Structures are given as structure tokens and as C-alpha cells.
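> Now for the letters of each chain:
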Amino acid sequence: MHIINYCSIRKGKIANAERVLFSSDEYQLSSFLKSYYKINKISYPKFYKMDAQCKLAFIASEVLFTDFDREKYKDEEIAMVFANSESTLSTDMDYWESAQTIASPALFVYTLPNIMMGEIAIRNKIKGENLFFIAEDFDSNLLLQQTELLFQNNPTKIVIVGWVNYESEERYLARLFLITKTGDGMLFNKENIEKLNKD
Amino acid sequence: MSRRVAITGIGVVSALGLGVDENIAALQNGWTGISSIQFLNTRLRDEFVLGEVKYSNDKLKEILNISTGKLISRTSLMAFLASREAVDMAGLNTDKLKSCAFISGTTVGGMDLTEQIKDFYSEKDLAEIISLHSSGDSTEKTADFLGAGGFSTTYSTACSSAANAIMLGGRLIKSGKVDRVIAGGTDALSCFTLNGFNSLMILDRNHCRPFDISRSGLNLGEGAGYIVLEAEDVVKSKKILAYLSGWANSNDAHHQTASSSEGIGATLSMQKALGVAGINPGEITYINAHGTGTPNNDSSEAKALANVFGKNVPAYSSTKSFTGHTLGACGGVEGVFSIMSIVNQEIYAGLNFTQADEDIESKPIVAYKKTGVKHVLSNSFGFGGNNSTLIFSKI
Amino acid sequence: MDELIQELKEKIIAQLNLEDIEPDEIDASQPLFGDGLGLDSIDALELIVLMERDYNIKITDTSEGRNIFSTITTMAEYITANSNRNI
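Protein chains in written order, with my numbering: chain A, 1 to 199; chain W, 1 to 395; chain U, 1 to 87.
No lab work stands behind these hints: they were computed from the structure. Fair warning: this is a prediction, and the values are worked out from it, not measured in the lab. There could be a bad hint or two in this list.
Simulated DEER-style distance windows between Cβ atoms [to be verified]:
1) W:Glu123 to A:Glu167: 19 to 27 angstroms
2) U:Asp2 to A:Val20: 46 to 54 angstroms
3) W:Glu22 to A:His2: 24 to 32 angstroms
4) W:Ala25 to A:Tyr27: 54 to 62 angstroms
5) A:Lys72 to W:Ile117: 23 to 31 angstroms
6) W:Asn312 to A:Lys74: 23 to 31 angstroms
7) A:Lys46 to W:Asp21: 43 to 51 angstroms
Glycine included, C-beta positions come from ideal geometry on N, C-alpha and C.
Kindly produce the complete structure, drawing on both the sequences and the hints.
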């Protein structure tokens with residue numbers, strides 16, 4: 001298993017494996033991601049409708065797919081496995097507040113953590129497997145195990161794996177890896193995951 | 001390494017009752033569990049029918065010998081009952097449980113407690129209730145309750161959560177990583193989900209009518225369903241109920257909540273599961289459909305059935321017409337029903353189907369019958385386009 | 001009526017997070033769904049919430065909604081004919 005690309009988003013910084021791609025003094029996630037969206041001229045109006053956690057996952061996936069030859073793979077050859085600790089707590093609370101008067105369907109939709117993978121799947125026409133689990137902390141062993149199991153399964157050739165957790169506009173973290181089953185480049189193992197996580 | 005995945009225990013709690021026997025008797029006799037709201041404390045009480053488990057939390061605690069003063073979510077209580085039944089049936093002793101994995105799916109976690117807090121500032125048990133809120137809490141509590149000390153994790157992929165938990169269990173055994181797994185899911189009814197599904201306008205105020213021309217939405221339900229999976233080589237002389245032979249998950253990549261009209265994701269997941277099981281579509285005897293009763297799901301799923309099975313769609317039905325849609329638990333609850341279909345050599349009809357939809361070529365079965373059952377396919381589809389299929393096979 | 005149309009444009013932009021669109025760019029007679037503004041079924045449900053919250057109009061049938069939300073003009077006409085609120 002090899003790492004094709006990596007993206008982390010934390011503390012007002014978007015980085016890949018080599019360098020910081022974008023940073024801002026503006027830590028507030030929503031405005032920070034919006035600037036990235038505008039500067040990079042991403043044209044996907046649905047972005048504005050997503051909740052903060054989906055926006056976080058979405059932008060990280062956009063970074064991962066930069067320079068990636070998506071057309072080389074069939075829709076069902078790309079799988080995703082994500083995890084976090086908070087599920088969708090922040091949006092749960094916003095939705096629950098709306099439900100005290102009239103429940104908002106647009107908020108309710110985002111009270112499921114796997115919706116972020118659904119959004120990425122819609123954007124990139126990904127029809128492979130997608131799994132989401134809840135864990136206390138970022139657990140490289142668990143992510144490695146899940147990725148390995150996905151690759152044992154036909155027809156998976158590419159896996160997007162990682163952690164996307166939104167607690168508040170100041171506290172958020174995305175770490176996504178784009179992994180290929182065969183090829184070259186940095187090995188996807190515990191050591192390299194931890195090295196990348198050090199930034 | 002490739003090992004066969006044997007099923008040695010099952011347990012279920014739903015609106016049809018506590019335990020496999022009560023549930024199966026209801027399916028055989030056509031007794032629905034859906035009724036007017038008795039337990040959920042909601043302002044929508046008089047507007048909808050639900051598939052509630054017909055016991056208060058205090059009653060469930062009493063059955064489990066837990067003091068009624070103890071704070072514990074309904075989601076966990078149902079998981080305790082269903083998983084304990086499965087473990088007892090499999091005869092797993094303390095020693096075997098120590099290394100046994102526990103994988104559970106849920107969407108609401110401890111929401112049933114959190115949402116009843118009237119005032120966050122004056123609630124004396126606030127910190128404890130919040131600690132029970134996480135989706136991971138019911139998994140941890142249940143693993144502790146059972147004494148299952150192996151690998152444990154929680155899947156949260158909407159209505160396919162339990163099916164995905166069972167799929168992971170199958171994979172861990174097949175690849176030789178573990179010998180024993182208890183897998184399934186649990187979800188309690190909550191005002192949170194009732195109001196949410198109401199806002200999506202996909203609830204039927206009357207009893208749901210899967211695949212019928214007049215279908216106009218789903219009924220929510222609650223429950224838990226767990227199965228004990230063991231590598232065939234460690235089962236020894238114990239009774240095997242059936243095998244978990246196929247599994248798959250695919251994304252529909254269409255819409256956050258709606259299924260594609262062509263049933264693309266569902267078609268892929270059924271085809272891939274048949275591939276994992278190594279069987280032809282024609283070998284499936286019965287399909288426990290996702291069949292929520294919404295116009296969109298049922299037409300999309302029926303299209304997918306036609307894509308996979310052509311003109312020879314096997315006998316199929318939706319048992320959600322008995323239990324309501326148990327959300328994150330449905331793959332576990334319906335997994336148990338699918339396994340019992342093999343054990344008892346019988347197939348269960350859905351309720352409330354009277355008139356076919358002319359846009360759907362196949363028709364669900366309308367009468368319970370005894371018949372030779374070899375392979376059963378069970379679908380669970382979730383929001384986010386998350387589609388899962390499990391296949392259970394006769395020994 | 002013109003005032004209501006302007007008000008609806010602003011409300012729809014806010015409610016549906018149409019961030020890159022200005023009220024003046026929306027033609028009141030252009031379709032809201034499909035090729036027009038590109039709204040989807042979740043947006044339709046949010047419009048139902050908007051009608052209830054701001055105009056006290058309850059829509060219980062989604063197929064009824066489809067006609068009402070055809071364009072901003074049809075929405076304004078429906079509100080004028082049915083609202084209990086003084087506008």
C-alpha cells in the first residue's frame with residue numbers, strides 16, 4: 001500500500017505531504033475554507049450547502065485529487081473509509097435547535113457522519129465501498145487494518161482513508177490519505193502515517 | 001487465508017418482541033408490531049404510528065437485572081438483550097468471550113437520554129448523560145456487559161450501519177485476523193429522528209405499505225439484532241445455524257438522501273455480494289428487501305432487483321412492514337430474520353401489499369410459506385448513498 | 001407584489017445558502033429547479049419550512065409544492081392568495 005497524496009487541514013493551514021498549500025490568520029473554519037474555495041476557483045455551488053464538517057472533508061478531498069488521474073479508475077474501484085470521534089455533534093445541536101420550532105431538513109441530512117463520504121462520492125463519481133466508524137482518537141492501526149481489508153476486496157484499487165473531525169470553528173482536524181494498492185512512492189504504514197501527522 | 005464464516009448464535013429485540021421466538025412467531029402469523037405511540041415522549045404523539053419495543057426503560061432494566069436508578073440509554077438496553085441472547089445461543093463461555101471481537105452499528109447512540117434534558121443548566125446528571133451520548137458508548141457498554149474483550153469498533157453509516165458491522169465481522173474472520181465476532185446493531189427511537197424524517201416528508205401516518213402502488217412513506221421503528229460469527233475451524237461440534245457467505249457495500253453517488261432511479265448503488269452491492277458468495281443470482285431463494293415503503297426507495301430497489309435478477313426475481317418481501325424501519329439496527333434485525341428463514345426453511349411475507357405498482361415488474365410475496373431455502377439475500381441501504389448487501393447460506 | 005418578489009429572492013438566497021448569487025441575478029420567472037437555479041429536493045423541503053415559518057402556510061403534500069415552487073412568481077402568487085400574515 002502506497003501513499004499517492006495526503007492532505008491535512010488544521011489550525012488555519014491546508015497542507016499536503018510536502019508543504020503548506022494555504023494558510024490564513026483566519027482560524028475560523030468556515031471563512032478559511034471559503035477563501036480557499038474562492039482562490040482556487042472551485043465551482044461547486046453545493047459546497048455552500050454543506051455543514052462545516054462536510055466542507056472540511058470536501059476541501060481535503062479536493063486537495064487529494066489535485067493531479068490525480070481519476071479517469072484511470074472505474075467508479076467502483078475507489079473506496080473510502082473515514083473515522084472521527086464526534087460523529088456529527090455540532091450539526092446535531094444546530095438541527096435539534098431548529099426542531100424546537102420547525103425541524104430543518106437541510107440540517108437533519110448532515111446529522112449522519114457518512115454523508116461527507118456521500119458528498120465526495122457525488123462530486124467525484126465514486127461508487128466503491130464506503131465505511132465510517134467512530135473511534136476515540138486517530139488510530140493509525142485501525143485505519144491501516146480497514147484499508148488492508150478494503151484492498152482484499154475486489155475491485156478496490158484506490159482507497160481514501162482518514163480522519164475528519166469538527167468540534168467548533170476553532171477546533172477541527174482533517175487528515176486524509178489517498179492510497180493505491182500497487183505502485184510506488186511512500187509506503188502506507190504506521191511509521192509514515194505518524195511522520196505525516198507530526199506537522 | 002480464507003475461512004468459512006459460521007453463524008452460531010443470533011439475538012433480536014424489535015417491536016415484535018424480545019428474543020428470536022417472539023419475533024419469528026409474529027412474522028409467521030402476520031402480527032404487526034407497528035402501533036400508535038406509547039412510550040416516546042413526543043409532541044408528534046398523535047400524528048404517527050411507530051414500531052416501538054413494547055417495554056419502558058424501567059421494565060427493560062428489570063428484565064436485565066439492572067437497577068432502575070442507573071442511567072443507561074435505551075439503545076444500550078436493547079443491545080444488551082439482543083447480544084446476550086446471541087452469545088447464550090452460541091454457548092460462548094467467559095474464556096472465549098475474552099478474545100471475542102464486538103462490532104456494532106448505531107446512528108443515534110444515547111440520543112434518547114440527551115434529548116429529554118429540559119434544561120442543560122439545571123440538569124444534575126448532565127456530565128453523565130453527555131458521556132452516554134456518543135455512538136461509541138453503547139458499543140463499549142455492551143462489550144463490557146458481555147465480557148467481550150477483543151477488538152471493538154462502532155460503525156455509523158446511517159441505515160446500513162449494522163449490515164456493515166456484520167460485513168466487517170465476516171471479513172475479519174475470513175482473512176484470519178480473528179476467530180469470533182459478535183456483530184450487529186442497535187438504535188432506539190428518538191424525537192430527534194422522528195422530527196428529522198418528518199421534515200424530509202417521507203413518513204407515512206398510517207401503516208407503511210412496501211412496494212404497493214399506494215405506498216407513501218416509512219414507519220420508524222427501533223430494535224437491536226446481533227449475530228455470533230465464528231471461523232468454521234473453531235466451531236467444532238457446536239450447532240451451526242447458517243453461514244455468512246457474501247457481503248458488499250457500494251455507493252450510489254447520486255444524492256444525500258434519495259436513491260438513484262436506476263438503483264445503481266443497490267445493483268452494484270447485490271452483484272458484488274453474489275460474487276463474494278460465489279453463487280449465481282438464480283440460487284437465491286428469498287430476499288429480505290430494504291423495502292422502507294417510501295416511493296423512492298422501493299422503486300429504486302425494485303429496479304436494482306430487475307438489473308440483477310432479470311425476469312426471475314426471487315421471492316422477496318420487506319419485514320419493515322412488521323417492525324418499522326429500525327435505522328442503524330435494521331441490518332442486524334433483518335439479518336436474524338434472514339438466518340431464521342434458513343433455519344426454519346420458511347419465507348416471510350410483508351404486510352399491507354394489496355395492489356401492484358405498474359412501474360414495478362416484480363411483485364413481493366404476500367403469504368408466509370414453508371419451502372426449501374438455500375441462500376437468503378438481505379439489503380440495507382442508508383443515506384449518503386451507502387448500500388449494503390449480506391448473503392446467508394444453508395449449511 | 002414586486003416587494004414580495006424581492007423579499008423572496010433575498011430569503012431564498014439566505015435559506016438555501018446560494019452564496020454566489022445576487023438577488024438581481026434571479027429572474028422571477030425562471031424555473032427554480034432543474035436547469036434554472038439548480039435547486040434539489042432538499043431545497044424544496046427547506047422552501048416548505050420557509051413558507052410555514054415566514055408566511056404561516058403549511059404545505060403537506062410534496063407534489064403540491066412542485067407547482068407552488070415552480071418560479072418565484074408562482075411562489076409570490078400563492079403566498080398572496082393564501083397567507084394569513086399581513087404583507
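> Hints first: check each against the structure and report whether it holds.
Quick rundown of the hints versus the structure:
no.: 1; hint: W:Glu123 to A:Glu167: 19 to 27 angstroms; verdict: holds, 21 angstroms
no.: 2; hint: U:Asp2 to A:Val20: 46 to 54 angstroms; verdict: holds, 50 angstroms
no.: 3; hint: W:Glu22 to A:His2: 24 to 32 angstroms; verdict: violated, 52 angstroms
no.: 4; hint: W:Ala25 to A:Tyr27: 54 to 62 angstroms; verdict: holds, 59 angstroms
no.: 5; hint: A:Lys72 to W:Ile117: 23 to 31 angstroms; verdict: violated, 51 angstroms
no.: 6; hint: W:Asn312 to A:Lys74: 23 to 31 angstroms; verdict: holds, 28 angstroms
no.: 7; hint: A:Lys46 to W:Asp21: 43 to 51 angstroms; verdict: holds, 48 angstroms
In this structure, the hints that do not hold are numbers 3 and 5, in rising order.
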